[in-house]
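Fit chain B to the supplied structure of chain A, relying on the hints for placement.
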Amino acid sequence: MTVDSTAARKPRKRTGAKKPPGGKPDPDLVQLLTPEGRRVTPSRTARSARTSRTEGAPAPQEFAEYVADITAEDLRGLYRDMVLTRRFDTEATALQRQGELGLWASLLGQEAAQIGSGRATRDDDYVFPTYREHGVAWCRGVDPTNLLGMFRGVNNGGWDPTANNFHLYTIVIGSQALHATGYAMGVAMDGADSAVIAYFGDGASSQGDVAEAFTFAAVYNAPVVFFCQNNQWAISEPTDRQTRVPLYQRAQGYGFPGVRVDGNDVLACLAVTRWALERARRGEGPTLIEAFTYRMGAHTTSDDPTRYRASEEREAWEAKDPIARLRAHLESEHHTDEGFFAELETESEALGRRVREAVRAMPDPEHLAIFEHAYADGHALVDEERAQFAAYQASFSDSTDTTATEGSR
Amino acid sequence: MAVQKLPLARALNESLRRALETDPKVVLMGEDVGKLGGVFRVTDGLQKDFGEDRVIDTPLAESGIVGTAIGLALRGYRPVVEIQFDGFVFPAYDQIVTQLAKMHARALGKVKLPVVIRIPYGGGIGAVEHHSESPEALFAHVAGLKVVSPSNSSDAYWMMQQAIQSDDPVIFFEPKRRYWDKAEVDTEAIPGPLHAARVVREGARVTLAAYGPMVKVCLEAAAAAEEEGISLEVVDLRSLSPIDFGTVQRSVERTGRLVVVHEAPVFLGAGAEVAARITERCFYHLEAPVLRVGGYHTPYPPARLEEEYLPGLDRVLDAVDRALAY
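Chains as they are written, first to last, in this note's numbering: chain A, 1 to 409; chain B, 1001 to 1326.
It is worth saying that the hints were derived from the structure and are not from the lab. This one's a predicted model, so the numbers in the text were calculated from it and none came from an experiment. Positions of the beta carbon are idealized from the N, C-alpha and C atoms, including for glycine. Watch out, some of these pointers could steer you wrong.
[Unchecked claim] Just the calculated beta-carbon pair ranges, DEER-fashion:
| # | chain 1 | residue 1 | chain 2 | residue 2 | range |
| --- | --- | --- | --- | --- | --- |
| 1 | A | 278 | B | 1302 | 53 to 59 angstroms |
| 2 | A | 364 | B | 1285 | 40 to 46 angstroms |
| 3 | B | 1224 | A | 388 | 53 to 59 angstroms |
[As the list claims (entries may be wrong)] Among chain A residues calculated to face chain B with C-beta under 8 angstroms, some are:
| # | residue |
| --- | --- |
| 4 | 165 |
| 5 | 179 |
| 6 | 189 |
| 7 | 208 |
| 8 | 344 |
| 9 | 373 |
| 10 | 381 |
Next up, chain A with everything else stripped away, as it sits in the complex (with noise of 0.2 angstroms):
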């Protein structure tokens, strides 16, 4: 059979070419809150989540039940982290404009998909997050600075990832997906009966790794989640460049079950986590959420998305912001007073201040850290090039003029 005859055969058919302005309607998705910041009825959730799961998921009123304990101050909390985290992208987004760091990857619109996903983690779990996941960060206890370092290109990495059990940025795609994997299988192995979540995007989903990290996932029943932000976009592709079928679907030819959930919704991915961890703490295997949001921002601050999407696209999300929707609900429900957004703004300040003096105040390492940690038991070759470098470097200390020894590097 010749390419051309296959071409012939199955004509291209674009299924997704015809979008309405600002976007498709959002699929069906497990949502607790609505847009406009309403809790949604047990008939609704049944009705939306119908198709928005595949076998061995819960119905769709289960779901509430995971969150049925959360309080006025657990949403309060709730949106207290994704303001912060939003203030905190805000200002390494203008930290990099402003030369101080090198690049930045906003996670602007995905607050509710990382902090109710982050939140629903135990400290005994460990995460493995891409490198958009600064929202999940906070939720583990990461102080955000320690986030920038890479972005600042003082490091490529830099935080203890078993201080918080949270594992550095993956920058390579999906990879960190088959470390959660392993590790999880490691927890099993353990005896333990904590979990293990792995963040990637619908990018990502593309990836080998990915699909490997399903199999390996399911065969050895791993105590592993597999959460997808689908933010719509890789780069310049979007999803219908990734996939013809929703992502969650995926997790039905693995043998094991997916949930799509509203990503904009806090509450909704805090509930589909929870009851996601305790399938995995309780030996029943991995699960696929697919958390369907936005990236609101750019792919990273050297991206330009008005070259590949309209702007309407993203003035229809902003009316899904997840921030306003929990603010809009919290107020219809007098769960706040003017004096919580007061003090709240006040904090979110003072984190911005601390972040860029942090930033600002960020040495650049000693030359020598170059050699330093490339391997654990020491290399000859690399003390070898070590000590020449230090003489390289010291044969300038004659000079009085410090700026000669700037000057080599």
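Frame of chain A; chain B shown alone:
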């Protein structure tokens, strides 16, 4: 058992058994390593004795094997991974180069990756395509990895012990055509350092440096040369990252001539690095340029041609003659 004469594959088996016995965190992973005992039987009987959680038959996915091994290492395990054949490692190359090699440095030393990746490598067994390659330079070139290759049963046993104890990832190249060669293994010996080269035959006129399967070829070449009255020294490099240049240097300072031999293509191979370093260190001792004998810059040929492609005794001695002609 102390001293026993064992085939190289069996020495590896005994070494893996010892590691499984002494360290509960050691796990073996790979395709067919469990019930079957590996296609070369290196893991024979280990799953039966240590269980399916310690000797893990994996899905047929090399990136998945190495990627999950990384996760297990982060959890505190010491995975020993088998890649079934040299030519099958490339689906895992990204995980090895991008993740395994760099993670310790990215974490500023806060995590360790004690993963051993066993790769049966090299030709000479009449195999089909992708079963006879020598990709060691592709790994030695990557900072963060250590690369070793034993040439005999004793080294196979002890270097595997040391590789598993290493807190750095080690790519362990096993010379598959030597799997059946027997030699004495003293399991109570005190081994030398993992990354030290060793003079395995002393000689005066030319140094031959080799590793893995080519050490035997060089020893045979030295024996043949001796009959013609030419005394050759043979250095077993044993480790390709790091390379023990000092041992080679001391040899070349006495002989004045060096021929580096490997199955891998000569172009940008380990021999190129040895030649460059030894030329720099021994410039005034050298009586001839450092010569290299190895594979050609071609895909590994079909089995009926591999005898032409692989360096044999005659090609090694031809290089010796050329070195002596200067």
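Against the structure, the hints:
As the Cβ distance of residue 278 of chain A to residue 1302 of chain B is approximately 56 angstroms, the hint placing it in 53 to 59 angstroms holds. Between residue 364 of chain A and residue 1285 of chain B, the C-beta spacing of about 43 angstroms keeps the proposed range 40 to 46 angstroms intact. Distance hint for residue 1224 of chain B and residue 388 of chain A: a CB-CB separation of about 41 angstroms, inconsistent with the stated range 53 to 59 angstroms. Contact between residue 165 of chain A and chain B, as hinted, is not supported at the beta carbon level, the nearest pair being about 10 angstroms apart and thus beyond 8 angstroms.
With 8 angstroms as the threshold, the beta carbon of residue 179 of chain A comes within range of chain B, its nearest partner Cβ sitting at about 4 angstroms, so the hint holds. Hint status for residue 189 of chain A: holds, given a least beta-carbon distance of 5 angstroms to chain B, under 8 angstroms. Given the 8 angstroms rule on beta carbons, the hint for residue 208 of chain A holds: about 6 angstroms separates it from the nearest Cβ of chain B. Annotation: residue 344 of chain A was flagged as interfacial toward chain B, and the flag is violated, the nearest CB pair being 33 angstroms apart, outside 8 angstroms.
With a cut of 8 angstroms, the hint placing residue 373 of chain A at the interface with chain B holds, because the nearest CB-to-CB distance is about 4 angstroms. For residue 381 of chain A, the interface hint holds, since its Cβ comes within 8 angstroms of a Cβ in chain B; the closest pair sits about 5 angstroms apart.
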